[in-house]
Amino acid sequence: MTIEEYKKQSIDRINKQAVVAGAFTNCFDKRAQSERQRTSERKRRLRALVRSNITEIDVLAQYFMISVNTIKKIAYSSGYHISNGRVVESVMR
0 MTIEEYKKQS
10 IDRINKQAVV
20 AGAFTNCFDK
30 RAQSERQRTS
40 ERKRRLRALV
50 RSNITEIDVL
60 AQYFMISVNT
70 IKKIAYSSGY
80 HISNGRVVES
90 VMR
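Under numbering that gives the first Met the number 0, residues 0 to 92 are what the sequence shown spells out, in order.
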């Protein structure tokens, strides 16, 4: 066994122990939490914009500086529907 192989095995063993101990889970939790916060903030801002009669998908995507597909996902998850390139309130709501 060469020194490089020994170092690699040692690092792998330490990383496995850290994963089992939960040392790396906190960073994933923080990332997931920030994603949820960002999504809920976007939904809140989207509802406010739709109430103020700004409903075109392209305009909303530019406002949020995200892609049209992402704004569509946010609109659908907020309970809106897309019709003719505009966000419309669902009849079911």
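Incorrect hints may appear among the rest.
[What the hints assert, rightly or not] What follows is a list of derived Cβ distance ranges for each label pair: (1) Asn68 x Arg46: 16 to 22 Å; (2) Arg12 x Met64: 16 to 22 Å; (3) Ser9 x Thr69: 41 to 47 Å; (4) Glu55 x Ser33: 36 to 42 Å; (5) Tyr5 x Gln36: 51 to 57 Å.
Since the hints were derived computationally from the structure, they do not count as laboratory data. Please read all numbers here as calculations on a predicted model, not as lab measurements. Think of the CB as a built atom: it goes at the ideal place given N, C-alpha and C, for glycine as much as any other residue.
Each hint tested on the structure:
The hint said 16 to 22 Å for the Cβ distance between Asn68 and Arg46, and at roughly 19 Å that hint holds. Checked against the hint of 16 to 22 Å, the pair Arg12 and Met64 fails, with Cβ atoms roughly 44 Å apart. A hinted range of 41 to 47 Å holds for the C-beta pair Ser9 and Thr69, which are about 43 Å apart. The hint said 36 to 42 Å for the Cβ distance between Glu55 and Ser33, and at roughly 28 Å that hint is violated.
Under the hint 51 to 57 Å, the C-beta atoms of Tyr5 and Gln36, about 43 Å apart, miss the expected range.
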